[in-house]
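Sequence order for the protein chains is A and B. For the first sequence, position 132 (counting from the first letter as 1) is numbered 132 according to our numbering, and the numbering increases by one without interruption. For the second sequence, position 25 (counting from the first letter as 1) is numbered 25 according to our numbering, and the numbering increases by one without interruption.
Just so you know, these hints were derived from the structure itself, not from any lab. Since we're looking at a predicted model, the values are computed, not measured. Just so it is clear, CB atoms sit at the ideal spot from N, CA and C, and this is done for glycine as well. Each statement offered as a hint is correct.
Straight-line Cα separation of at most 20 Å, SDA-like style, residue types lysine to any residue; simulated pairs:
1) B:K243 - A:Q109
2) A:K180 - B:E59
3) B:K60 - A:A183
4) A:K185 - B:G57
5) A:K131 - B:L5
6) A:K49 - B:L97
7) B:K283 - B:Y246
8) B:K330 - A:A183
9) A:K180 - B:N66
10) A:K50 - B:E100
11) B:K306 - A:R52
12) A:K180 - B:Y334
13) B:K243 - A:S102
14) A:K49 - B:I99
15) A:K50 - B:G98
16) A:K49 - B:E244
Chain B residues, not near chain A, derived (Cβ > 12 Å throughout):
17) Q38
18) G41
19) D42
20) N172
21) Y201
22) S294
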Amino acid sequence: MSSDSKKPTPKPAAKKPQEKPVEIPAFEKGISDKIVEKFGDKIEVAFVKKDRVRINVSKENVHDVAEFIRDGLNYDHVESVSGVDYPQDKEIEVVYHIGSYSDSSLERQILILSTRAQREENPIPGNDATKLPSLRDIFYSVEFHEREVFEMLGVYFEGHPDNRRLLLPEDWADLPPLRKDFAIKGR
Amino acid sequence: MTAELPPGLALQKVDERIMTLNVGPQHPGSGHMRIVVQIDGDYIVACDPDPGYVHRGEEKMAEYRNYITNIPHLERPVIHDSCNVLYPYVLGVEELLGIEVPERAKYVRVIASELNRCIYIMYWLAIYGIFLGHSTMFMWPAGDRELLIDLMEKMTGARVTHAHFVPGGVRNDLPPNFEDVCLRQVNYFEKRIKEYAAVFYDNPILISRTRDTGILSRQDAIRLGTTGSVLRASGVDYDLRKKEPYDVYDELDIHTNVMKEGDSYARSRIPWLDMIESCKIIKQALQKMPKSGSVRVKLKPNPKGKNETVYKRVESGRGSLGCYVVSDSKPEPYRVKLSVPSFRNLIALPYLLKGEKLGNMPSVYWSLNYWPVEADR
Chain A
1 MSSDSKKPTP KPAAKKPQEK PVEIPAFEKG ISDKIVEKFG DKIEVAFVKK
51 DRVRINVSKE NVHDVAEFIR DGLNYDHVES VSGVDYPQDK EIEVVYHIGS
101 YSDSSLERQI LILSTRAQRE ENPIPGNDAT KLPSLRDIFY SVEFHEREVF
151 EMLGVYFEGH PDNRRLLLPE DWADLPPLRK DFAIKGR
Chain B
1 MTAELPPGLA LQKVDERIMT LNVGPQHPGS GHMRIVVQID GDYIVACDPD
51 PGYVHRGEEK MAEYRNYITN IPHLERPVIH DSCNVLYPYV LGVEELLGIE
101 VPERAKYVRV IASELNRCIY IMYWLAIYGI FLGHSTMFMW PAGDRELLID
151 LMEKMTGARV THAHFVPGGV RNDLPPNFED VCLRQVNYFE KRIKEYAAVF
201 YDNPILISRT RDTGILSRQD AIRLGTTGSV LRASGVDYDL RKKEPYDVYD
251 ELDIHTNVMK EGDSYARSRI PWLDMIESCK IIKQALQKMP KSGSVRVKLK
301 PNPKGKNETV YKRVESGRGS LGCYVVSDSK PEPYRVKLSV PSFRNLIALP
351 YLLKGEKLGN MPSVYWSLNY WPVEADR
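This is chain B alone, in the form it adopts within the complex (with noise of 0.2 Å):
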């Protein structure tokens, strides 16, 4: 029978003591995806994680769109961190147009790749409050936010996916008094993020749920090639705004936040230091800005990229994220490849679950920072 199957297919035999449960996909737990989990009594023996469940074929689409039309799709992965998705792609066909930025657009693009940032490691906080069953941790974030997405709004004119990232600068120019209102809210902000650590991350509870549970050792998280928040909660200091410096990167004083443990609190910790740290980098920002100068280099209609291949990478608020652009002198890529931190991160799902209790599943599963309609595409 089994010499039958075609690739890709395997029959199973069923045990009586081990019990395979399908976590998901319309668990809200889960997200949109599948955890085949194998319990053995309240242990989990083995994890299979399935996504797929929202793929939809992003990269399959961006081959018959031209330069400039593959930007509203490109950044639907994450629409919470729009600006972050779309950046590669606009670097990659930067230079496959051979496009000087002008430097007021470098800044703004910081600036909103910064906010970008933080309004999705709020929404991904109020996810991983609620999962933990903290509805004060869903609430508090989930409207302290919209301080930021009114920010995004008045930049960009939309809530959640702007598309502001164009090739040779950013579409629109800020509008008048942005910088103080921005100066202002992230002041604000800044302060009150800081009181969720008496609330959440100093909160005992919060702590023997998830210290020491699902560990994730150096070389483990190396050899496993993850990224962002899951590697340097693993002691890996890598973050490509300091490493691979992209447009003004290097102008700015950027902190990398690095924890030794490994531990599921030390991967929910630290894209909440990170945000503490975006918004160092939007004042820093804001203060080296050139007050006045364009915003974006005028494109021929159709451009048409060198024949050649790039592959650019930017740190987004879940780790790096690479596009990978095949151009052949035509006014569409011939190949985009959105190598997504949330696809590289699921690789670590199954060695963290082996062995943990099935009530750790959430804790251990949302602390990896995952996304699966990033993942899926």
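So here's chain A without its partners, still in its complex pose (with noise of 0.2 Å):
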């Protein structure tokens, strides 16, 4: 520290960081041009970002869209599937994580689809109206990924063949844990 520390030094970093103009990847953008040039308004494109384009959908149309990303653009497997919940926009919201390995132009991306269903107060899985339906028949590697969803969300997958339990136990009788009213003890 120098001598006249005591002084408040006038801060560098206080500048207001240049901001560089958002430029928008051109392959990422040909991705959800094609797609968006296939669906119009049906589909709403969140973020096109290096790597990552991420669209939303509503539950309509989910499997549409998700086909014609398998058969038009080439993405073959389903990386992760993630539920959020929004108890404030009473929706739940489930993403897809969706990549390639058969097109070497794709490897670096993943395309991100991401849908929502109706999010009730007093859940009872699988008999309420939280519902979407199932990917599984385009995307085979979904199955468990849906089948965690179900039970940590309660979000019921139309079409899946297997809506069992994996993770909670069977007789698990409590809300489904992800939900954000599901109150860690001590918390």
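Given two chains presented individually in distinct reference frames, assemble the corresponding complex, making use of the accompanying hints.
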């Protein structure tokens, strides 16, 4: 520290970082353009970043869009299916991260397909309105992931052949644990 | 009767010919999970993996802790590979907080993550050996991995759960003289693991037990979304260190090991080849690493993330490991999802076991490079 350290030194970092013009990568833009071209306003492009394209779809169209992603864009497997609970919107979001092994130009890319299901205040998993069409007939790899989302958030996947519990005990009778209203003890 | 059952429960008819057998969760050969196999005589007709016995709710816990205090518990799914499990989360948080990592820290991370990969694979190899009845292959890796654990202890202060990666770099700088010790140990280690070929991989008994069992074709490996050694043993050249390089992997020369057979033997050989490759990567990284410089960016207390989502992935000891972080501008993440390779590879198990002999179950199951605790999270 220098001798005049008592003086509040002007912070050099206080300058606002220069706002870089947001450049949209061309290849990723091409992917999102293809989907927009096919589906128009049925979908919403949330963002286009380096290696990541995110598409928001309503649950009525998610099956068709996923089919196009597989057949028209050469994506071939789902890496992860995440459920995110939004109690204030009364919705549960299900996010598919889709990648490709067989198309070498898509190896770095992850296409993020997100859809939302209605959220019930008092859930009866499987017997309430929290339902989404299953993508298992399109991407076989979602099988266990969708089972996990069903038990953890109570989103029932219609058309999934096997909606049994996977990680939770068979006799779990509480709320689906990844909902926001399931609180951890002591917190 | 069946109409009244809630979704998720099912009644099953008992067959006279088919016997249902529970393997695990107490059986040591299944790890912390249960495999329900249906056998006809000696042949498996159906298999239903039932994980979840070590589910600890890591993802739920992560919503209650801030970005920094999440570090120690998020590495628990695979304590032997703790640096790699933490890696995608740390990369994701760095993007959310907008931090640039110092150059030296990136190299330290690469070295730590490659050492951890070897430590994990050695542990897995020990288990694979003992369940094939090859106790030398249990003793040797269990002993030799101590070399690398000592190195990690020097580097991080802990033998297994290091909690070494933090957003903004690594926790501590390398101790003095670490580079020389590391180079010496890794050189010895590389020479030593090549000896495993003579006792294990070229052993006719191992070959006869694992060749042509549990074959996963290239199309099925892709369709099922498998990853890591399972995918590369089926002939798909896919390694994230090369395909989507993170930190300084793009400056290192990396060779991806691929085999075309897709059987248990290929799946067990790929991790061993990966270890030899890891040794080469460590030596390159030691050479290219800046000799001095900071290893950590100082963070504000309780940093808040941007209101964004981020998905990062790295190549762990078992395959591609992804982390999806949803932030809502609070000190705690809104949601953390770990997409773990063990969970993704598990889907292949019912495929591979169908039509196999029951005696081949351990060799097929453990060849998936599966870690039950990681799949359960």
